[in-house]
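The listed protein sequences correspond, in order, to chains W and D.
Numbered as in full-length UniProt numbering, the first sequence ends at 850 without a single skipped number.
Numbered as in full-length UniProt numbering, the second sequence ends at 194 without a single skipped number.
Take these hints with a grain of salt, some might be off.
[Said to hold, decoys possible] Simulated crosslink set (SDA-like; lysine to any residue; CA at most 25 Å straight-line): (1) Lys357(W) <-> Lys525(W); (2) Lys187(D) <-> His503(W); (3) Lys181(D) <-> Val551(W); (4) Lys495(W) <-> Asp167(D).
[Stated by the list, open to error] Heads up, incomplete: computed chain W residues facing chain D, CB under 10 Å, no partners named: (5) Asn384; (6) Gly386; (7) Ile401.
If you're looking for bench data, these hints aren't it; they were derived computationally from the structure.
Think of the CB as a built atom: it goes at the ideal place given N, C-alpha and C, for glycine as much as any other residue.
Spelled out from the first residue to the last, the chains are:
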Amino acid sequence: MLRCGYALFWLLGSVLLICVVSPVKGEAVVTREGSHLKLSESSHSNESQHGHSFNITGIPIVSFKWHHVETPYLVAFWVLVSFLGKLVIEANHHVTSVIPESALLICFGFILGGMIWAADKVQTFRLTPTVFFFYLLPQVILDAGYHMPNKLFFTNLGGILVHAVIGTCWNAASLGLSLWGCQMGGAMGDLDIGLLQYLLFGSLMAAVDPVAVIAVFEQVHVNDVLFIMVFGESLLNDGVTVVLFNVFDAFVSLGGPKIDAAEIIKGIVSFFVVAFGGSLVGLVFGLLISLLTRCTKNIQIIEPGFIFVLGYLSYLTAEMLSLSAILSIVFCGMCCQKYINANMDENSVQTVRYSMKAFANGSETIIFVFLGISAIDKVIWVWNTGFILLTLLFVLVYRFIGVFFLTWILNRYRLVPLEFVDQVIMSYGGLRGAVAYGLAVMLDENKIKEKNLMVCTTLIVVYFTVILQGITMKPLVMWLKVKRAAVTEVSLLEKLTNKMFNHTLVAIEDISGQIGHNYMRSKWKYFEENWMSWILMKPSARKKQDQVFDVFHQLNLKDAMEYVTEGERRGSLEFVRNENSIIDFKKKSESESFDINNANMSNDHGAMSTTSRDPIPSVSLEMHEQIMKAVREAEAINAHHLLDQHLYKSRKQHRHRFSRSHFDINRDEKEVQEIFQRTMRNRLKSFTSAKMGVKPPKTIVKHTQKEQQQKMPNGKSMDKAKTSYSGDEGSEGDSASGYDQSYMRATYRAGAGIENPAFMPDLDPMDLLQIPPWLGESELDSSMVALSHRAQVDLPRTPSNLRRLAPLRISTRSTDSFTLENIPDTQQMDSDQLQPPPPPPRPPRDDGYV
Amino acid sequence: MGSSSSSRNKIPNAQELMHQTGFSSAHLLRLHDRFESLDRDNRGYLSPDDFEVLGGLAMNPIGGRIIEAFFSSGQDTVDFSSFVRILAHFRPTDRNRNKEGTQQELPSSRTRKLKFAFQLYDLDRDGKISREELLQVLRAMLGLQVTEEQLQSIAERAIQEADLDKDDAISFDEFKKSLEKMDIDTKMSVSFLK
């Protein structure tokens with residue numbers, strides 16, 4: 001609701017702006033051009049002047065002040081009508097599945113326009129370039145840039161650029177020249193259009209329109225590469241086409257004779273300056289946004305505002321500098337997405353995403369409706385069969401030729417060539433849209449006599465491509481059996497393998513001695529991680545960047561949601577207790593708590609911080625589980641107290657069971673627990689006697705930790721000590737506090753099936769006592785137990801040391817060069833620790849670490 | 001060109017290699033040059049040390065595994081033809097050649113690519129990715145910001161996702177199945193220079 005309100009507020013705001021600015025602009029245009037660029041509302045402005053001339057004779061109780069609110073009212077009303085139109089259209093799914101929404105919206109516009117025409121006998125509302133380029137287009141493009149799949153885009157950047165730049169130029173030139181040729185040949189009767197005007201017309205018709213492309217392709221779901229080729233091209237070539245348009249416009253103004261080589265070269269240079277300059281402005285603004293969101297911690301509520309305002313400013317700035325505004329806002333969105341998503345609060349990220357979509361969708365709707373409405377106007381319909389049909393034909397044919405030729409060249413360099421059917425769809429997806437229309441309307445009638453014919457032709461091409469090609473796109477895709485986008489459900493293994501592939505490819509390029517794509521990417525990544533992220537990201541956000549981890553988190557969230565939904569569906573969450581699914585669910589909810597706790601690992605007092613920090617379902621799940629456990633354990637402890645105790649400890653407890661997910665989880669749990677309780681109590685005693693400054697024993701499994709937690713007299717301080725121990729400096733566990741280590745190591749060894757009686761007797765008798773139950777379990781699943789040791793033992797060490805606890809496999813079989821080198825070291829370290837097992841804890845050597 | 005044909009003669013059984021791997025002779029030549037530059041002592045084979053000199057590889061989190069993949073047959077050396085055969089896994093898949101179906105499967109086929117990836121996980125070559133093996137990969141690739149516990153639950157989950165027969169490990173078939181939707185072709189191909 002809040003988001004909706006926010007979005008609407010923005011829309012209304014922008015619309016209000018339109019009203020303030022556009023009458024002024026509109027009038028200016030009117031005086032310059034004479035007639036047609038009137039804004040919708042400006043025709044009423046005469047009447048409004050009458051309104052003020054009434055003399056008021058008394059105080060009216062209620063007065064009807066239509067003229068007072070007229071402009072904003074009309075704008076808001078139009079927005080409402082467009083939205084209602086969309087609502088009706090979207091309600092009919094069977095229709096939208098056949099005919100794309102954009103086509104339906106245009107038809108809706110036809111109807112509306114017809115109604116207005118019938119009432120007024122004059123077309124008062126139409127899409128003006130000012131409104132379109134300043135108030136409708138930016139958010140659509142910003143949205144496209146912001147949601148751009150960056151990796152995909154840059155992987156295919158070469159192809160996209162070739163199509164966007166060369167392809168667009170080709171389209172413009174070929175269309176202009178062919179039309180001119182046809183006119184020379186006399187195919188179109190008597191038209192007052194010169195070669196330059198034809199080229200100008202060609203350039204405005206050249207661009208594939210992103211709005212139309214998104215609208216159609218979003219419903220077709222073609223494969224990623226194909227989509228990005230069409231979509232990326234449509235985004236970038238908008239920039240190109242605007243540049244081309246401006247260059248040719250300048251040429252037309254100059255007039256044929258004055259154009260010499262110098263002017264043409266200037267035109268080409270300006271082309272590059274405009275395109276790259278625009279992109280640069282976008283980049284700068286993108287970085288600015290990223291930097292800003294780094295320090296918006298205290299004003300999270302307006303974080304999203306920054307993105308919209310700065311994005312819009314980047315558009316306007318580029319426009320002001322007469323650079324490519326579209327490219328600017330595309331790159332602004334692309335550049336900032338990663339950093340702002342990491343920097344901002346989760347809520348803000350959602351808000352940005354949502355309102356971005358709301359704006360984009362809203363303006364898209366308005367654009368299409370008004371494209372339809374604009375058609376119902378007698379003035380612009382200047383029919384010239386030859387011109388119109390030839391344009392249509394050339395647009396289509398040259399698009400095909402261009403795409404096939406360029407792809408043919410590209411395919412020689414592409415890793416995975418684009419297939420024939422892909423090329424067909426790329427060509428067929430060359431939809432023209434509102435940008436072309438906007439540019440056509442911007443033509444200067446004084447210089448181009450046949451402006452109306454051009455506008456009319458543009459409209460027909462737009463209708464033809466959006467409606468006819470849009471409708472046939474889906475059947476064509478089906479018929480050609482174009483590879484569709486796989487509905488991917490991200491799985492962890494997939495993500496992991498994906499990442500591994502990246503590394504592998506870099507390695508293979510290293511080995512085969514070539515500097516390729518992957519090499520560049522890995523260099524960029526390196527630079528990015530070390531510099532860009534460091535400057536642009538919050539320190540806290542940097543940590544959570546990892547993709548695998550991210551997927552993991554999302555999967556967990558999803559599971560937790562399902563879990564709760566399922567529970568609610570059945571009336572309560574009790575079902576969990578009796579179901580086999582218990583393992584899965586528990587494991588999931590539990591592993592999720594890792595995520596939550598991850599952030600505040602350093603202060604492990606999970607209970608409170610977990611709940612306050614992250615109010616996601618997992619918390620309640622866990623609480624529920626704790627309650628169930630309390631019942632099972634039947635201990636006379638205050639349930640509330642227990643809850644508090646368990647909330648953050650529990651993850652360890654669960655872990656133990658989950659790690660053996662295929663065993664009956666409840667079997668001798670109690671027993672194990674009791675043993676551990678006893679042990680821990682004993683340990684505590686020996687600890688307190690050994691005075692503080694000694695770390696509490698390293699926990700092996702969750703039971704240990706939990707019990708220890710419960711019995712801890714001064715829980716907090718011990719807690720802290722323990723946290724720093726296990727969380728921050730796991731490595732110290734190896735070197736210091738051999739007391740606990742020896743115990744663990746022994747278990748591990750034993751569990752792993754290695755008979756090493758040499759140091760068994762050396763162990764603390766107390767530890768020995770524990771081993772049997774431990775072993776009993778670990779026999780079942782030795783590796784698991786070993787793992788949980790590792791969990792705490794040697795996390796933050798160098799990669800080579802990370803493997804030191806897997807000497808069993810490593811020694812028998814070399815895993816890789818690193819480990820090979822490290823084996824002697826590892827073994828030595830092991831024996832260092834194991835052989836003199838000091839029952840009384842050593843003096844705290846680890847203070848230095850903490 | 002005379003020089004290229006003469007250097008092609010240097011490559012032992014070039015014709016057969018081209019047939020088996022799908023590399024063109026230009027590719028082979030280039031790779032042969034590379035092979036020779038890696039083989040600093042001109043012994044005609046490479047040892048793991050030769051790979052470890054490569055700076056980029058040392059920084060690669062799974063560089064060690066990749067190197068090991070070249071020595072998978074248990075030998076300490078790799079000669080040119082095995083070198084090329086391994087690299088051939090990373091050629092883009094030839095659609096046309098596979099369609100013919102008459103010849104043997106090229107290393108660049110989807111299955112072979114997957115098999116290669118699978119073996120990067122499966123260190124002990126028992127045909128299964130165990131939890132421990134998965135953990136090692138994770139550990140190598142996830143950096144130090146993620147705690148070991150998280151690593152474990154990630155591994156746990158990943159196994160659970162893919163593990164169809166509930167043996168707590170991922171077999172090749174399961175691996176293949178869970179990566180069914182993945183565009184292996186694009187993701188595991190390098191464009192070899194000619």
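Hints, verified against the model:
no.	hint	in the structure
1	Lys357(W) <-> Lys525(W)	violated, 29 Å
2	Lys187(D) <-> His503(W)	holds, 11 Å
3	Lys181(D) <-> Val551(W)	holds, 17 Å
4	Lys495(W) <-> Asp167(D)	holds, 22 Å
5	Asn384	violated, 47 Å
6	Gly386	violated, 44 Å
7	Ile401	violated, 25 Å
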